[in-house]
Every structure is written in structure tokens, then in C-alpha cells.
Amino acid sequence: MYKLEARDIQLYYGQKHALKGISMAIKPNTVTAFIGPSGCGKSTFLRCFNRMNDLIDTCRIEGEILIDGRDIYKDRINVVDHRKKIGMVFQKPNPFPKSIFENVAYGLRINGITHKKFLEETVERSLRQAALWDEVKDDLKKSALALSGGQQQRLCIARTLAVEPSVILMDEPCSALDPISTAKVEELIHELKNKYTIVMVTHNMQQAARVSDRTAFFYLGELIEYDDTPTIFTNPAKEATQNYVTGRFG
Amino acid sequence: MQKIKEKSIEAFLILCASITVFTTLGIIVILSIETFQFFREVSVFEFFTGTEWTPLFAIKKYGILPLVAGTLLTTLIAIAVALPLGLTIAVYLNEYADQRLKAVIKPLLEILAAIPTVVYGFFALTFVTPVLQKIIPSLSGFNALSAGLVMGVMIIPYVSSLSEDALSAVPKSLREAAYGMGSTRLQTAFKVMLPAASSGVIVSVILAISRAIGETMIVAVAAGQEPKFTFNPLQSIETITTYIVQVSMGDVPQNSLEFRSIFAAGITLFGLTFILNNISYWMKQKYQQKYE
Numbered sequence: 001m002y003k004l005e006a007r008d009i010q011l012y013y014g015q016k017h018a019l020k021g022i023s024m025a026i027k028p029n030t031v032t033a034f035i036g037p038s039g040c041g042k043s044t045f046l047r048c049f050n051r052m053n054d055l056i057d058t059c060r061i062e063g064e065i066l067i068d069g070r071d072i073y074k075d076r077i078n079v080v081d082h083r084k085k086i087g088m089v090f091q092k093p094n095p096f097p098k099s100i101f102e103n104v105a106y107g108l109r110i111n112g113i114t115h116k117k118f119l120e121e122t123v124e125r126s127l128r129q130a131a132l133w134d135e136v137k138d139d140l141k142k143s144a145l146a147l148s149g150g151q152q153q154r155l156c157i158a159r160t161l162a163v164e165p166s167v168i169l170m171d172e173p174c175s176a177l178d179p180i181s182t183a184k185v186e187e188l189i190h191e192l193k194n195k196y197t198i199v200m201v202t203h204n205m206q207q208a209a210r211v212s213d214r215t216a217f218f219y220l221g222e223l224i225e226y227d228d229t230p231t232i233f234t235n236p237a238k239e240a241t242q243n244y245v246t247g248r249f250g
Numbered sequence: 001m002q003k004i005k006e007k008s009i010e011a012f013l014i015l016c017a018s019i020t021v022f023t024t025l026g027i028i029v030i031l032s033i034e035t036f037q038f039f040r041e042v043s044v045f046e047f048f049t050g051t052e053w054t055p056l057f058a059i060k061k062y063g064i065l066p067l068v069a070g071t072l073l074t075t076l077i078a079i080a081v082a083l084p085l086g087l088t089i090a091v092y093l094n095e096y097a098d099q100r101l102k103a104v105i106k107p108l109l110e111i112l113a114a115i116p117t118v119v120y121g122f123f124a125l126t127f128v129t130p131v132l133q134k135i136i137p138s139l140s141g142f143n144a145l146s147a148g149l150v151m152g153v154m155i156i157p158y159v160s161s162l163s164e165d166a167l168s169a170v171p172k173s174l175r176e177a178a179y180g181m182g183s184t185r186l187q188t189a190f191k192v193m194l195p196a197a198s199s200g201v202i203v204s205v206i207l208a209i210s211r212a213i214g215e216t217m218i219v220a221v222a223a224g225q226e227p228k229f230t231f232n233p234l235q236s237i238e239t240i241t242t243y244i245v246q247v248s249m250g251d252v253p254q255n256s257l258e259f260r261s262i263f264a265a266g267i268t269l270f271g272l273t274f275i276l277n278n279i280s281y282w283m284k285q286k287y288q289q290k291y292e
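Taken in sequence, the protein lines are chains S and H. Position one of the first sequence corresponds to residue 1 (full-length UniProt numbering), numbered consecutively onward. Position one of the second sequence corresponds to residue 1 (full-length UniProt numbering), numbered consecutively onward.
One or more hints might be untrue.
Stated by the list, open to error - Quick list of in silico lysine to any residue cross-link-like pairs, SDA-like style, CA-CA up to 25 angstroms: (1) LYS85(S) - LYS16(S); (2) LYS134(H) - VAL118(H); (3) LYS172(H) - LYS117(S); (4) LYS92(S) - VAL118(H); (5) LYS193(S) - LEU108(S); (6) LYS85(S) - SER168(H); (7) LYS172(H) - LYS193(S); (8) LYS191(H) - GLY149(S); (9) LYS106(H) - GLN235(H).
Stated by the list, open to error - So the derived label-pair ranges between C-beta atoms look like this: (10) LEU186(H) - GLU121(S): 26 to 36 angstroms; (11) TYR12(S) - GLY214(H): 50 to 60 angstroms; (12) LYS117(S) - VAL21(H): 56 to 66 angstroms; (13) VAL21(H) - VAL80(S): 50 to 60 angstroms; (14) ASP57(S) - GLY271(H): 23 to 33 angstroms; (15) VAL104(H) - GLU64(S): 34 to 44 angstroms; (16) HIS17(S) - PHE122(H): 51 to 61 angstroms; (17) ASP57(S) - GLY26(H): 45 to 55 angstroms.
The set of hints was computed from the structure by calculation and includes no laboratory data. Here the structure is a predicted model, which means the values were calculated and not measured. Heads up, the beta-carbon is just placed ideally off N, CA and C, and yes, glycines get one too.
Can you make the complete structure from the sequences, with help from the hints?
The structure is reproduced here in C-alpha cells:
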């Protein structure tokens with residue numbers, strides 16, 4: 001059984017044909033990396049899984065996206081409820097202008113949970129999972145905006161984990177971070193794999209090779225190749241993939 | 001040659017800037033001198049604690065509180081109208097309306113601020129008051145309520161437009177984070193966007209309050225020009241501004257004590273708005289969120 005499945009996705013921004021017939025199946029508890037040059041559609045495709053493209057007026061989408069076998073673009077799906085099950089971490093850390101505690105508790109609060117003990121436990125557990133607890137446990141009341149970029153990004157991951165989604169989408173989660181923070185986040189991704197299905201977009205080829213199980217190479221809105229990560233990096237089937245991963249273009 | 005040109009441009013710019021500074025200084029100096037003259041004859045204590053204001057009657061009493069109460073009452077009513085409506089409009093325009101609709105509605109709203117206030121005054125007197133009298137029979141013909149309500153409508157664009165600007169300035173990434181967490185539009189707007197824009201929203205509200213405190217024509221026409229120390233919105237009242245108009249237009253001889261009383265009233269008004277400006281500055285500092 002696949003966790004995520006895309007079937008012949010066509011996506012348009014106004015007149016622009018941004019995704020051309022993409023099909024892909026992702027197994028649970030794996031890390032999948034999307035690579036490809038800027039503008040190739042990998043972020044756009046990632047955002048299909050939690051219907052973030054809905055926020056763009058001119059965006060039109062055809063095809064099916066199945067999560068646990070259920071098509072999320074069918075009308076009877078409640079988008080808001082759906083997004084609660086799919087966590088997302090963005091390129092730039094985007095904590096809310098609230099305290100560290102309230103950031104992590106946000107997802108629970110919007111679900112109407114007010115039980116203080118439960119909130120505290122969840123916040124601690126999530127921060128521990130995101131490897132941030134030891135650094136912030138004494139200043140949970142401090143504004144999240146006072147944290148460093150790397151800490152903010154781990155806070156955003158903790159915020160996502162608090163509502164226990166089954167899938168986590170990451171859109172270049174380390175591109176704004178320094179090497180040490182990047183290493184921490186990568187380590188984290190590795191651990192999270194046991195509980196979650198992770199899909200990440202990255203521009204960093206080494207990162208894709210280090211953390212992912214499967215890699216998908218996108219080019220000009222098409223899925224060129226999708227295979228086990230070692231295969232993509234050492235023995236790709238397509239020449240374009242070979243050229244990209246060896247740094248000959250892109 | 002180039003240097004002389006640069007210097008003369010600089011001198012011209014300094015001159016322009018200094019005009020505003022000197023105007024402000026001039027106003028403060030004149031206000032202070034006349035107020036000082038006024039307080040040689042009227043005790044400061046009586047002025048700030050007296051509850052009767054009758055400079056134009058035979059028995060003259062100079063207690064500013066009725067005018068302050070009238071000003072605060074109409075301002076309070078106006079804000080009670082403008083704050084919820086203005087914020088709702090700002091949130092609607094920012095979170096719900098599509099871009100084309102927003103491009104039409106926002107300028108239309110700003111027209112509200114461009115209507116001459118005397119027109120608002122007559123609207124309050126000849127339309128709002130009669131309608132309200134059908135609901136509240138005890139409402140007097142001139143009253144603080146309809147003046148305040150109409151004033152509230154007038155300052156809606158101050159709140160809605162500036163708050164919407166503040167909401168628009170919130171980084172897109174924050175909205176995406178909110179939706180990504182599974183927030184509804186309402187939750188996104190009120191739990192994430194508004195708190196993030198709070199400093200701008202607060203400034204917009206303080207600006208609206210300052211505008212309401214300084215508003216003259218609406219209250220002059222519709223509120224009755226009767227200085228009463230009351231917080232009952234159904235009665236006629238007088239504000240600081242309308243008193244100043246009343247005296248400036250009327251038959252009061254220059255340099256008399258009655259004449260000087262408008263300067264004392266003026267400096268009180270100045271003090272009120274000055275305090276508000278400082279509160280807004282302090283709030284802005286305190287709640288400002290820093291984004292990269």
C-alpha cells in the first residue's frame with residue numbers, strides 16, 4: 001500500500017503549463033527527495049499534496065492525488081482537515097509572532113484543545129522530537145522571533161509534529177540555514193522517518209544523497225526519473241539525470 | 001559650481017523642513033502665552049476640576065470637564081463603531097475578497113474620508129437623529145449619540161485602510177504557515193495575521209481616535225453645543241472643538257477672558273492628542289514584530 005500517490009497530474013498557472021502529467025507513488029516511512037533546477041515544478045508538485053496551490057487564484061489542476069488511497073481533490077474532502085494531517089515545513093523559517101510555547105501549541109489550540117497539562121506535554125514532546133528542547137526549555141515564554149534561524153526552523157518542525165501528521169512535506173528546509181543547523185535538521189529527518197512519511201524538495205544534491213531513500217528528478221515540469229537514491233546518483237537511466245547530478249547543468 | 005548647486009539645494013530643503021517646525025513652535029508659543037494670561041485670572045485647579053463651563057453667561061464658570069467629557073463621549077462612540085467595522089473590513093479585504101474586488105472597494109471606502117464633514121453633520125442631524133428617535137423616544141434633537149455614530153462612519157477608512165496595509169505587509173510565508181497547519185481562514189486572519197500586524201493596527205486606531213477628538217463640524221451641527229458634564233449619549237453635549245468654533249465665530253471681544261478661554265481649551269485638546277500620540281508610539285515600540 002502506498003502512502004501517497006499522484007496520477008497524471010497536470011497543473012496550470014493561468015496559461016502556463018507547469019506540471020505535465022506527473023505520476024508517482026511513495027511508500028510509507030520513507031524519505032523522498034525532489035531535485036531539479038529552479039522552476040522545474042518540484043515545489044509546485046510538493047504543494048499539490050496539501051493543496052497549498054489552492055491559495056493561488058490562477059492555479060488549475062487535473063489528475064488525482066491519493067493519500068492512503070483517498071483522492072484529496074474530490075469535492076467532499078475538507079481541505080482544512082486534510083491539511084491538519086499533512087505537515088509542511090517551508091524554505092524560510094516562518095514561526096508565528098508568538099512565544100515558543102504558543103507556536104508549538106498553535107495546531108492544538110486551533111483544534112480547540114485547552115487542557116493545560118496536555119498542551120504542556122505535547123509541546124515538550126514535540127520540541128524534544130525536533131531536538132530543540134534542551135536549547136529552549138527555560139525560555140518557552142520568549143518570542144519565537146528571538147531564536148536563531150536554525151532554531152526557528154526546528155521550531156517550525158516541532159510545530160508541525162505537535163499535531164501528529166502522517167506526512168511531512170519539506171520545501172527546501174535547509175536552504176536558509178548554516179551547515180551546523182543543516183546537519184541537525186538532516187539528522188532529525190533521519191529519525192522522523194520511523195514515524196512519518198517525508199517528502200522534501202532540495203537544491204542540495206549531497207543532502208538528497210545523504211537523507212533520502214528515493215529521489216525524483218524534475219525538469220521543465222516533467223518527472224524525468226524516479227528511483228532509489230543510490231541508483232539516481234550512481235547509475236541513472238536517463239542522460240539528463242546523469243548530467244544534472246554530476247553538475248553538468250542546472 | 002556643482003558644489004554651490006548642491007549647497008543651495010540643501011539650503012532650500014532645510015527651509016522647507018523648518019517651515020513646519022516653526023509653524024508648530026509658533027502655535028505652541030501663542031497657545032502658551034494666551035493660556036498663561038488666562039490662568040492669571042482663572043485658577044488652574046478650577047479649570048481642570050470644575051464641572052460647569054459657562055464663559056458666555058452672566059455668571060462665568062470655567063471648568064473644562066464638561067467639554068472633555070463631551071469630547072471623550074463622542075470619540076468613544078465613534079471608536080465603538082469604527083473599530084469593529086474597520087477591522088472586519090480590513091480582514092475581509094485581506095483574507096477573503098479577491099484582488100479585483102479589493103481594487104474597487106478600497107478606494108471607494110477611502111471616499112468616506114473625503115466627504116466634507118459638514119455634510120456628515122447634516123446627515124447626522126436630519127437623518128440619523130430622526131431614525132434613532134423612532135427607536136429611542138427620549139433622545140433629544142441634538143445628541144452625542146448620532147454625532148458619535150456618524151463620526152464613527154467617517155473614521156472607518158482610517159482604521160480599515162491602514163489596518164489592511166498592515167495586514168498586507170505581513171510576510172506571505174506566515175499566511176502559508178497558518179494554512180499549512182490546517183487553519184481556517186478565520187483562524188488565519190485572527191490568530192496569525194492580526195497579531196502579526198498588531199503594531200500597524202494599533203497605530204491606525206490611535207490615528208482614528210486623534211481624528212475623532214479633533215473633529216468639529218459633525219458635533220457642532222448635530223450634538224447641540226451645550227456644555228454638560230454627562231456621559232449620557234442621549235443628551236446634547238459640547239466638545240472642546242465646537243466650543244472653540246463657537247467663540248471664534250461669535251461676538252466675543254478680543255483679549256477678553258472669554259476669548260482667552262479658547263486658548264486654554266485649545267491647549268487641553270493639544271494635550272489630549274499629544275498623550276495619544278505618545279501612547280501610539282509606545283505601543284508601536286512594544287508590539288512591533290521584527291521580520292527579516
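So, going through the hints one by one against the coordinates:
{"no.": "1", "hint": "LYS85(S) - LYS16(S)", "in the structure": "violated (30 angstroms)"}
{"no.": "2", "hint": "LYS134(H) - VAL118(H)", "in the structure": "holds (24 angstroms)"}
{"no.": "3", "hint": "LYS172(H) - LYS117(S)", "in the structure": "violated (33 angstroms)"}
{"no.": "4", "hint": "LYS92(S) - VAL118(H)", "in the structure": "violated (51 angstroms)"}
{"no.": "5", "hint": "LYS193(S) - LEU108(S)", "in the structure": "holds (23 angstroms)"}
{"no.": "6", "hint": "LYS85(S) - SER168(H)", "in the structure": "violated (28 angstroms)"}
{"no.": "7", "hint": "LYS172(H) - LYS193(S)", "in the structure": "violated (29 angstroms)"}
{"no.": "8", "hint": "LYS191(H) - GLY149(S)", "in the structure": "holds (23 angstroms)"}
{"no.": "9", "hint": "LYS106(H) - GLN235(H)", "in the structure": "violated (35 angstroms)"}
{"no.": "10", "hint": "LEU186(H) - GLU121(S): 26 to 36 angstroms", "in the structure": "holds (28 angstroms)"}
{"no.": "11", "hint": "TYR12(S) - GLY214(H): 50 to 60 angstroms", "in the structure": "holds (53 angstroms)"}
{"no.": "12", "hint": "LYS117(S) - VAL21(H): 56 to 66 angstroms", "in the structure": "holds (59 angstroms)"}
{"no.": "13", "hint": "VAL21(H) - VAL80(S): 50 to 60 angstroms", "in the structure": "holds (54 angstroms)"}
{"no.": "14", "hint": "ASP57(S) - GLY271(H): 23 to 33 angstroms", "in the structure": "violated (49 angstroms)"}
{"no.": "15", "hint": "VAL104(H) - GLU64(S): 34 to 44 angstroms", "in the structure": "holds (37 angstroms)"}
{"no.": "16", "hint": "HIS17(S) - PHE122(H): 51 to 61 angstroms", "in the structure": "holds (59 angstroms)"}
{"no.": "17", "hint": "ASP57(S) - GLY26(H): 45 to 55 angstroms", "in the structure": "holds (53 angstroms)"}
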